[in-house]
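There are 2 protein chains.
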Amino acid sequence: MAVNLPAPNPIELYPIAGVRLGVTEAGIKKTDRKDLTVILLEPGTSVAGVFTQNRFCAAPVQLCREHLASGAGARALLINTGNANAGTGPDGLARALATCVALAHKLGISAQQVLPFSTGVIMESLPSERIVAGLDAALADASADHWLRGAEAIMTTDTTLKAFGAQVLIDGVLVSITGIAKGSGMIHPNMATMLGFLATDACISPMLMQQLVAELAEGSFNRITVDGDTSTNDSFLLVATHQACHAPIESLDSVAGQALKVALLGVAQKLAQAIVRDGEGATKFITIKVEGGKTQAECRQVAYAIAHSPLVKTAFFASDPNLGRILAAVGYAGISDLDQTGIDLYLADVHVVVQGGRNPAYREEDGQRVMQQSEIAMRVLLGRGAATDTVWTCDLSHEYVSINADYRS
Amino acid sequence: MAVNLPAPNPIELYPIAGVRLGVTEAGIKKTDRKDLTVILLEPGTSVAGVFTQNRFCAAPVQLCREHLASGAGARALLINTGNANAGTGPDGLARALATCVALAHKLGISAQQVLPFSTGVIMESLPSERIVAGLDAALADASADHWLRGAEAIMTTDTTLKAFGAQVLIDGVLVSITGIAKGSGMIHPNMATMLGFLATDACISPMLMQQLVAELAEGSFNRITVDGDTSTNDSFLLVATHQACHAPIESLDSVAGQALKVALLGVAQKLAQAIVRDGEGATKFITIKVEGGKTQAECRQVAYAIAHSPLVKTAFFASDPNLGRILAAVGYAGISDLDQTGIDLYLADVHVVVQGGRNPAYREEDGQRVMQQSEIAMRVLLGRGAATDTVWTCDLSHEYVSINADYRS
Numbered sequence: 001m002a003v004n005l006p007a008p009n010p011i012e013l014y015p016i017a018g019v020r021l022g023v024t025e026a027g028i029k030k031t032d033r034k035d036l037t038v039i040l041l042e043p044g045t046s047v048a049g050v051f052t053q054n055r056f057c058a059a060p061v062q063l064c065r066e067h068l069a070s071g072a073g074a075r076a077l078l079i080n081t082g083n084a085n086a087g088t089g090p091d092g093l094a095r096a097l098a099t100c101v102a103l104a105h106k107l108g109i110s111a112q113q114v115l116p117f118s119t120g121v122i123m124e125s126l127p128s129e130r131i132v133a134g135l136d137a138a139l140a141d142a143s144a145d146h147w148l149r150g151a152e153a154i155m156t157t158d159t160t161l162k163a164f165g166a167q168v169l170i171d172g173v174l175v176s177i178t179g180i181a182k183g184s185g186m187i188h189p190n191m192a193t194m195l196g197f198l199a200t201d202a203c204i205s206p207m208l209m210q211q212l213v214a215e216l217a218e219g220s221f222n223r224i225t226v227d228g229d230t231s232t233n234d235s236f237l238l239v240a241t242h243q244a245c246h247a248p249i250e251s252l253d254s255v256a257g258q259a260l261k262v263a264l265l266g267v268a269q270k271l272a273q274a275i276v277r278d279g280e281g282a283t284k285f286i287t288i289k290v291e292g293g294k295t296q297a298e299c300r301q302v303a304y305a306i307a308h309s310p311l312v313k314t315a316f317f318a319s320d321p322n323l324g325r326i327l328a329a330v331g332y333a334g335i336s337d338l339d340q341t342g343i344d345l346y347l348a349d350v351h352v353v354v355q356g357g358r359n360p361a362y363r364e365e366d367g368q369r370v371m372q373q374s375e376i377a378m379r380v381l382l383g384r385g386a387a388t389d390t391v392w393t394c395d396l397s398h399e400y401v402s403i404n405a406d407y408r409s
Numbered sequence: 001m002a003v004n005l006p007a008p009n010p011i012e013l014y015p016i017a018g019v020r021l022g023v024t025e026a027g028i029k030k031t032d033r034k035d036l037t038v039i040l041l042e043p044g045t046s047v048a049g050v051f052t053q054n055r056f057c058a059a060p061v062q063l064c065r066e067h068l069a070s071g072a073g074a075r076a077l078l079i080n081t082g083n084a085n086a087g088t089g090p091d092g093l094a095r096a097l098a099t100c101v102a103l104a105h106k107l108g109i110s111a112q113q114v115l116p117f118s119t120g121v122i123m124e125s126l127p128s129e130r131i132v133a134g135l136d137a138a139l140a141d142a143s144a145d146h147w148l149r150g151a152e153a154i155m156t157t158d159t160t161l162k163a164f165g166a167q168v169l170i171d172g173v174l175v176s177i178t179g180i181a182k183g184s185g186m187i188h189p190n191m192a193t194m195l196g197f198l199a200t201d202a203c204i205s206p207m208l209m210q211q212l213v214a215e216l217a218e219g220s221f222n223r224i225t226v227d228g229d230t231s232t233n234d235s236f237l238l239v240a241t242h243q244a245c246h247a248p249i250e251s252l253d254s255v256a257g258q259a260l261k262v263a264l265l266g267v268a269q270k271l272a273q274a275i276v277r278d279g280e281g282a283t284k285f286i287t288i289k290v291e292g293g294k295t296q297a298e299c300r301q302v303a304y305a306i307a308h309s310p311l312v313k314t315a316f317f318a319s320d321p322n323l324g325r326i327l328a329a330v331g332y333a334g335i336s337d338l339d340q341t342g343i344d345l346y347l348a349d350v351h352v353v354v355q356g357g358r359n360p361a362y363r364e365e366d367g368q369r370v371m372q373q374s375e376i377a378m379r380v381l382l383g384r385g386a387a388t389d390t391v392w393t394c395d396l397s398h399e400y401v402s403i404n405a406d407y408r409s
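Chains as they are written, first to last, in my numbering: chain S, 1 to 409; chain L, 1 to 409.
Pulled out of the complex, with its shape left as it was, chain S reads as follows (with noise of 0.2 Å):
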């Protein structure tokens, strides 16, 4: 049960001039679910992304890294559940490569032009002649209106579909965005999410993508955590067709730039929010912010501290304001010069601890009311700079250990 996460408006999931996908039941780890996707790009498209920075990165991790780096320009990504392709050794590298090699057959494109994703099961081999066998019906699948099918074939433990889109006018030309995630374990992302894929038709620079889809990881995907366990196979992919018909956007910081940019990051920051939202066993989606800060790197790291504490989140999760665990972990994020006479801490509007202590103003029964709430968010001031940061977690639940116990079984 995700936390406040309505189902996708598919209104709003703009078509996207050039992108078609395609989505069949492989049969790649269980029956009757849909688990292969194709998404088509026409010729021309710019792509670029960012992946884990696990060293067991997946073999399709590996593999679409040298893709994109060979500049042969992606045509295809192919993206399967069920399996990760992960601590696979050189079978698994193999196994990837094949899948890329027999959808650039049927295409009529080089298998360096396919971009592969995989997300499942780690350390068992990748079925890829199931995935080969299935092509021919997700091809024949594709249109540009499966945003929904692809959001859907692409989710492993999450309950909910993660799909968003927006729109914005660039030069007083409607430019679309639609972008589909999946996640919901594993969730510590270091660079992006387990699978995220944001397109618009926006004319921008291919020169700026890779800058662009960095800043767009760093505010959003970068900033959740659910259980602090960094995936073998996060994948994030900006997708542009180039068909709008604006003046081409050759910089980040014009005006046209900075629309488009903030039209971008609202729908990553969406989708980044709905995979804490559907975190496993969630039932709090929690807001943390530090200020404060000398660096927004120290703010970062305090937040995360509290973000991965077991001990704060079996609280958030059980509306018990125990705040001294907040402190607790505040304390121990590693900031070795941090003086605690120098820290405030808020729950919502409720200022719980001045200057290292609590608040003599603070009453139990008004921390009590925040922490009963579905959405929480709090402030810690560090009281030594300007910096600030903000990092978006869930709570820990019984839900979350049955999930990960029974997660094979």
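No wet-lab data here; the hints were simulated from the structure.
On a predicted model such as this, the values are computed, not experimentally measured, just so you know.
Don't take each hint at face value.
Each pair may be met inside one copy or between any two copies, as identical chains are not told apart.
[Unchecked claim] With a straight-line Cα cutoff of 20 Å, these simulated SDA-like cross-link-like pairs (lysine to any residue) come out:
id, residue 1, residue 2
1, Lys270, Gln368
2, Lys29, Ser125
3, Lys34, Asp337
4, Lys29, Arg363
5, Lys106, Arg65
6, Lys29, Thr283
7, Lys106, Pro43
8, Lys106, Tyr346
9, Lys289, His351
Use these hints to put chain L onto chain S, whose structure you have.
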């Protein structure tokens, strides 16, 4: 229910000449519960300690550091449960000091000769009046035979007592060692555990005490984790009364120094492992050995990444050999130049991963057999060097969530 942790053997809890313990029920948080302990030390006793690195360290930790640094010579330890006196600001320091002053007055010593220790809930005011009111009863109870009572009186969420002893011959003289500890949650010591006290009648140069206690902590309490939360109150104290009649130990590298250190470390490791065995909700005791690292530090870094992963911990709880989760944790442990094709993984004697991929000879039922045991040892081979390190941890169960969601209720 602690994992394979039998009740302490009273015969092995040797009286230490020069040390007496007294406990009472002071009603600090609950009634009908031993919650106040005094440990009285004869003049001439040496004491050295290591304390939490948490920047939100508790008021008693701050006072302990000051009193030890004063050189006054510790004559009494004063320990309460039911309240951590952390996150309490200047009022917390004043209250901790007031309890030291009261005990010092009764004993005819200075307040600096009293070391205070607190454990319990954070950010609530210490009921120092109740502690002071309980001192007479605790002092009346003081006896060299009360180690077991002391182990009981320092417990909080612990389900079992943690007390071990050992004897060792030094220059033909029998030297005794007895230690007690408490801790079950908020366990990821960064210098020492919640509370650990180790006493010996060995005659050792006071100059060696600080080095010795630091080395003991490094080899025991600093190698464990339950939930990755470093407490605000971690304290580990080594007490030497010098009353055994062997020639004074002037070097830890001497034969006698080595013998004493090995015996002390043995007790310290049993205490540290007892904390993991009694980790909140623990059903498995897990030893993580990382070999083949460039440095011991990177081995420990990898071991802790595995030990802190909620996904790994829930898989152990479920006895599910979903061992790819271990590879993912190795991959995100932060070794930026780690080569996944150099990694091997053993679960007990089962060779699971060869050169970063699944061992073709690995059968899931072999992994399953190991996972079902309550004592599990894994070895991760990094293939980068000759360094090694070991960390002890437990699994993550429903019971952990229940305990921490209900702790204050």
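Checked hints:
For a Cα distance limit of 20 Å, the shortest separation of Lys270 from Gln368 qualifies neither inside one copy, at 28 Å, nor across copies, at 40 Å. When the C-alpha separation of Lys29 and Ser125 is checked against a cutoff of 20 Å, the pair qualifies only within one copy, where the shortest distance is 11 Å, while the shortest distance between copies is 55 Å. Proximity of Lys34 to Asp337 under the C-alpha cut-off of 20 Å is found in neither arrangement, the shortest distances being 52 Å within a copy and 37 Å between copies. Proximity of Lys29 and Arg363 under a CA criterion of 20 Å is satisfied inter-copy only: 19 Å between copies versus 52 Å inside one chain copy.
In this assembly of identical chains, the alpha carbons of Lys106 and Arg65 never lie at most 20 Å apart, being 22 Å within a copy and 72 Å across copies at closest. For a Cα distance limit of 20 Å, the shortest separation of Lys29 from Thr283 qualifies neither inside one copy, at 29 Å, nor across copies, at 30 Å. Proximity of Lys106 to Pro43 under the C-alpha cut-off of 20 Å is restricted to the intra-copy arrangement: shortest distance 16 Å within a copy versus 88 Å between copies. In this assembly of identical chains, Lys106 and Tyr346 lie within 20 Å of each other by CA distance neither inside one copy nor across copies; the values are 58 Å within and 42 Å between.
Within a single copy, Lys289 and His351 get their C-alpha atoms as close as 14 Å, which meets the 20 Å cut-off; across copies the closest is 45 Å, which misses it.
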